Amino acid sequence: MGPTPTITIHVPGALRAYCAGAAQLSISANTVGAALRDLERNQSALYRNICDETGTVRRHLNVFVNSDNVRDLGGIDTPLMPGDLVTILPAVSGG
Amino acid sequence: MADRVILTIGTRKGVFVAESAKPRRSFALRGPFGPGVPVYSTLIDTRATPRLYASSCNPFFGMKVLRSTNMGKSFTETKSAPAFPKEDGRALANIWSFEAGGGKKELWCGVEPAALFKSDDGGDSWEMVSAISNHKHARKWQPGAGGLCMHTIIRDGNRVHLGISTGGHYLSEDGGETFRASNQGVGAGFAPDPYPEFGQCVHKIARHDDAPGRLYMQNHGGWADWTGPGGPRPDIGVLRSDDHGRSWRSIAKGLPSDFGFPIVVHPNDADTVYVMPLEAATRSCPGGAPAVWRSENGGNSWSRLARGLPKKQSYFTILRDAMDIDRLKTPALYFGTTTGQLWIGREGGEQWDCLFDSLPPIHNVKVAVV
Chain A
10 MGPTPTITIH VPGALRAYCA GAAQLSISAN TVGAALRDLE RNQSALYRNI CDETGTVRRH
70 LNVFVNSDNV RDLGGIDTPL MPGDLVTILP AVSGG
Chain B
5 MADRVILTIG TRKGVFVAES AKPRRSFALR GPFGPGVPVY STLIDTRATP RLYASSCNPF
65 FGMKVLRSTN MGKSFTETKS APAFPKEDGR ALANIWSFEA GGGKKELWCG VEPAALFKSD
125 DGGDSWEMVS AISNHKHARK WQPGAGGLCM HTIIRDGNRV HLGISTGGHY LSEDGGETFR
185 ASNQGVGAGF APDPYPEFGQ CVHKIARHDD APGRLYMQNH GGWADWTGPG GPRPDIGVLR
245 SDDHGRSWRS IAKGLPSDFG FPIVVHPNDA DTVYVMPLEA ATRSCPGGAP AVWRSENGGN
305 SWSRLARGLP KKQSYFTILR DAMDIDRLKT PALYFGTTTG QLWIGREGGE QWDCLFDSLP
365 PIHNVKVAVV
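Line order of the protein sequences matches chains A and B. Each position in the first sequence, counted from 1, maps to that position plus 9 in the numbering used here. Each position in the second sequence, counted from 1, maps to that position plus 4 in the numbering used here.
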């Protein structure tokens with residue numbers, strides 16, 4: 010197994026207050042799930058906005074790796090490659 | 005500073021605060037705070053320097069608790085919101101009720117799925133109250149149309165009354181160490197057994213300090229014509245207890261419908277109680293003509309209060325926490341509608357005026373004189 014890839018997490022504007030205003034976070038993770046666990050450890054306030062108490066990504070959020078929704082890949086087991094961009098976006102819904 | 009009347013108005017698009025001098029001729033509106041996010045519960049905590057609380061129930065990013073220490077000029081998030089322990093398996097879906105606790109900064113909070121949390125530091129940290137949240141019935145409660153919510157918390161010394169939809173009324177007589185279902189006389193229309201031990205769809209419970217043991221309940225009525233197993237269940241919607249909620253009896257006779265959501269007691273007279281009857285099928289005002297109904301004898305008879313309210317073509321709903329009454333000598337009632345109107349019922353509901361007519365849909369209205 011090679012070194013853990015460094016990837017970038019794009020933080021939506023509504024959540025930047027929970028990570029000191031950062032628009033992007035650079036972390037090392039092999040999978041989307043590992044990236045979320047890294048947030049749980051190091052950005053707990055941000056993490057609570059993304060995942061509920063059970064560790065599940067909140068129902069109305071979508072997680073993309075580059076331009077693909079992880080729902081269409083491997084879910085939180087989706088592997089990450091060096092330089093990948095993980096984007097967290099609210100689903101378009103509501104009224 | 006002279007007394008001010010403060011309203012917190014929880015809406016589908018955030019919380020508003022309205023303020024007036026004591027005559028209540030007009031109210032100045034501030035907000036929305038937590039803009040765009042539904043607010044189902046608010047609390048005006050007057051135990052010390054007034055603090056306002058609002059739940060901010062963000063469907064995208066989860067639940068927050070907002071707090072204001074400047075009478076609603078601004079709100080900030082508390083350090084944390086209630087959350088189930090990770091190993092519990094449940095996830096918070098909504099925050100339905102706040103209640104001031106015993107200590108100066110103690111807060112109680114009812115949530116969806118139905119569970120109870122306590123804070124000792126004004127909402128910065130929370131602990132689940134296991135006695136009810138892990139009650140042997142808890143995993144058998146079912147969600148009503150609004151979700152499986154703990155919407156009512158009433159503290160009365162060592163007694164704690166909880167209202168759960170659909171779970172029923174639960175009573176603790178040891179300060180919340182233990183709870184038991186206490187639903188004798190509380191009917192259910194959606195189960196073969198008309199009077200089950202628990203599982204009723206209680207909509208709201210109210211009490212008065214001057215009448216020990218007296219409680220009023222708006223239950224899920226509208227089952228008079230039921231023809232299924234167990235037969236019709238008329239008048240199960242509006243109830244009264246005189247023994248601290250151990251047993252309940254109907255006081256619905258004389259109302260146009262026993263279905264409704266809020267129930268409110270007059271601050272200076274425990275025999276005066278207000279409900280807002282709705283048609284069960286539509287959850288809207290009977291005949292399109294809204295009216296608050298008042299009993300001045302503890303529910304033995306009822307009279308209609310509608311002066312100033314629309315006489316026709318008004319089909320709004322008043323939700324369970326969207327009616328309150330202030331504590332002035334001649335109190336005013338307030339209710340908010342799902343169509344975004346905020347009404348004041350002056351002289352104890354004798355004369356109604358619309359204070360604001362185009363707010364977002366209103367979930368919650370609380371009032372205090374500070």
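Quick caveat, the hints were computed from the structure, so don't treat them as lab data. Note that the structure is a prediction, hence the values are computed from the model and not measured. Take these hints with a grain of salt, some might be off.
Sample of chain B residues at the chain A side, in silico, Cβ under 10 Å [claimed, not checked]:
#	residue
1	Asn62
2	Ala97
3	Gly235
4	Asp239
5	Lys316
6	Tyr319
Glycine included, every Cβ here is placed at the ideal spot set by N, Cα and C.
Hint by hint, here is what the structure shows:
{"no.": "1", "hint": "Asn62", "in the structure": "holds (8 Å)"}
{"no.": "2", "hint": "Ala97", "in the structure": "holds (9 Å)"}
{"no.": "3", "hint": "Gly235", "in the structure": "violated (40 Å)"}
{"no.": "4", "hint": "Asp239", "in the structure": "violated (38 Å)"}
{"no.": "5", "hint": "Lys316", "in the structure": "violated (28 Å)"}
{"no.": "6", "hint": "Tyr319", "in the structure": "violated (19 Å)"}
Violated hints, listed in ascending order, are 3, 4, 5 and 6; each of the other numbered hints is respected by the structure.
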